[in-house]
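Generate coordinates for the entire structure from the input sequences, incorporating the hints supplied.
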Amino acid sequence: MAKLTLDGVTKRFDDGGDVIVAVDDVSIEIDDGEFLVLVGPSGCGKSTTLRMIAGLETISDGRIAIDGDVVNDVPAQQREIAMVFQSYALYPHMTVRENMRFGLEESTTLDTDTMNERVEETATMLEIDDLLERKPSELSGGQQQRVALGRAIVRDPAVFLMDEPLSNLDAKLRSGMRMELQRLQHDLGVTTVYVTHDQTEAMTMGDRIAILDDGELQQVATPLECYHRPKNLFVAGFIGEPSMNFFDVSLEDDRLVGSGFEYPLSSPIRSELAGDEKLVLGIRPEDIEVLDARETAHDFPVRVDVVEPMGNENNLLAGFRTDENDSQFNVTTDGMRRIEEGTHYIARFPESAIHVFDRESGVALHSREIDDEATLLESRI
Amino acid sequence: MTTAEPTDAGTGEGRLSETIETVDTQRVALYVVLAGLIGFYLSPLWAGLTTAFKTQTGFVETTPVTPPTPAWFTLEPWELAFAAMQGGLINSAMFVVPATILSATLGSLAAYGLTKLSWRGQVGILVIFLAGVFLPYQSVLVPLRQFWSAVDLAGLLSFAPFLANRADLLELTITHTAYGIPICTILFRSYYKTLDDEMIEAAKIDGANAFGIYKRIVLPLSLPMFAVTLIYQFTQVWNDLLFALVLVTSRSNYVVTQSLNELQGSMAQEYNIQMAGAFIAALPTIIIYVIFGRQFAKGITGAS
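One line per chain: the protein sequences are U and W, in this order.
Here the first sequence is numbered in full-length UniProt numbering, starting from 1 and rising by one per residue.
Here the second sequence is numbered in full-length UniProt numbering, starting from 1 and rising by one per residue.
For the record, the hints were derived by calculation from the structure and aren't laboratory data.
Certain hints may be false.
Where chain U lies over chain W, by a calculated footprint (3+ residues, C-beta under 8 Å) [said to hold, decoys possible]:
| # | segment |
| --- | --- |
| 1 | 224-235 |
| 2 | 245-258 |
Here are a few chain W residues that face chain U, going by a calculated C-beta distance under 7 Å [unchecked claim]:
| # | residue |
| --- | --- |
| 3 | E201 |
| 4 | L219 |
| 5 | P220 |
| 6 | L221 |
Computed from a predicted model, the values in this text were never measured in an experiment.
Positions of the beta carbon are idealized from the N, C-alpha and C atoms, including for glycine.
Now the structure itself:
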């Protein structure tokens, strides 16, 4: 158990004369026992960051410290970390028991009985104790996943690193493992860094999420804070499924003028926007209300092009009727309500739910209102 | 198929003509060609085998492919050939086994270093290994002889007379090991490149150092490739005559290919003894293939 510090961590790759910056000045403090999810699109540098923590990649700049001790020059073998790989990376010629014991044999001086005891304890915890004498090739994907996890847990490391460990499982198994991993991490209380490209995993599993794009850290915050208070356009678009709708707008007096609509602003929001003219209006699909008649200035006539009934909700693809560019946006409505394809409705964009971003820099200028902000965005640890 | 029509099924003639119709002419042609090829490739072996069991008059008065009749049948050529080659067989075994194991082991270690460890200048080293594969034996004969004359291994080993007497064989062992390392390295390298990098990294994080990873992960997983290199190197080194002719000077150190060469009589050609000798010389490579055959198949199909 330990605190993990990343301070200005940078990774540069030399690619035939060109220098590629894979990770750019990333600083994160990860508390003892915290579950941090590193998330971002592929190629954003999240795996490289993890591999630098593991000691599998050298650090070009900055420092990584475990409990205050800088480990930049400590080889992977001596970092007291355990890692679960996407491919599981089990040793195919060894039984499950040997796989799990390998780390203990290589990194500790325990006697065989103690090692076996610890392996069996961990296997029981993961419900793989009846598989101990089997080879990895005789196991299903889910079982292999558990063995990979067991191999990491049995070593009782200071830090757990997980590199997309669930991405090779089928959807059902994945959601089950998601919960189990959280429970395990909570019970063991080991500091964990978890890499994924899946925003659902990030939202559901992490105590905090660190969102990376193009090697740069975009935001580190609790999942709900990232969701409701995205710092910039990238975070707003990345977190949430279906993702937030964005409309290019320009600020004219106290209105946001977009293609096919004009959105009047109240003075408190207007004052937050200062002098910027080129803006982006953002609103989440579930915040748009679908009505039959126009009541306020924030209601717009729309046509519904596509309806995807999900049971619990409907995902709609809609467009402003007055929009010449025919751009479309997503709306999520209650599943119990029947919405007809090709029909005209009124869509309400409540002012309390809108986000406004600067189009040039992407920085959030205004975020949605939250009634009880303190309770909702409170950290879970 | 042939009994599709119940009215025709009763008569034998109808069935026969239908069977003939269904025979695929292409397939027939294929089998004829294949049988011809089998005959073509097996005939020398067969001729050799029959000759080895014939007496002197037997192989003079019959064609090689005719099997030996009881009148001309004899096991004498085998006995004579074996007696003449006994020393050569032992000498060969004494240097081929270590040379094979050494080149496979060193090749495997070199390949591990060139694929799973990262260090500067790998490409340059790899190029040297690659070049080594294409170096023809003939081109190094003179420098090789000069090198071993300069080293004077027998003189260096004079403290141990047994080894000093066998210096020729030691020279052969070292030469063949050195000559075998490049091809073994290339073979192991192509195999190690298919090994999961994450698995090696997992072992690293588990606390194993470079040699520990080799010993406990890479080596056990390379057994199929070891079978391939062992078979290949054994055959290569066992069948070599050129280096032996250049390096082996004392008759007591003659290797099997040299003693086979010696079976050529100076006056009369005793083909029966030569043929028996050829089979005796070839037997160990066949045994090795049988022993490692299963692993060999795994190794060349890439299954692990």
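Verification of the hints:
no., hint, in the structure
1, 224-235, "violated (count 0)"
2, 245-258, "violated (count 0)"
3, E201, "5 Å, holds"
4, L219, "10 Å, violated"
5, P220, "5 Å, holds"
6, L221, "6 Å, holds"
When held up to the earlier numbered hints, the structure conflicts with 1, 2, 4 and fits the remainder.
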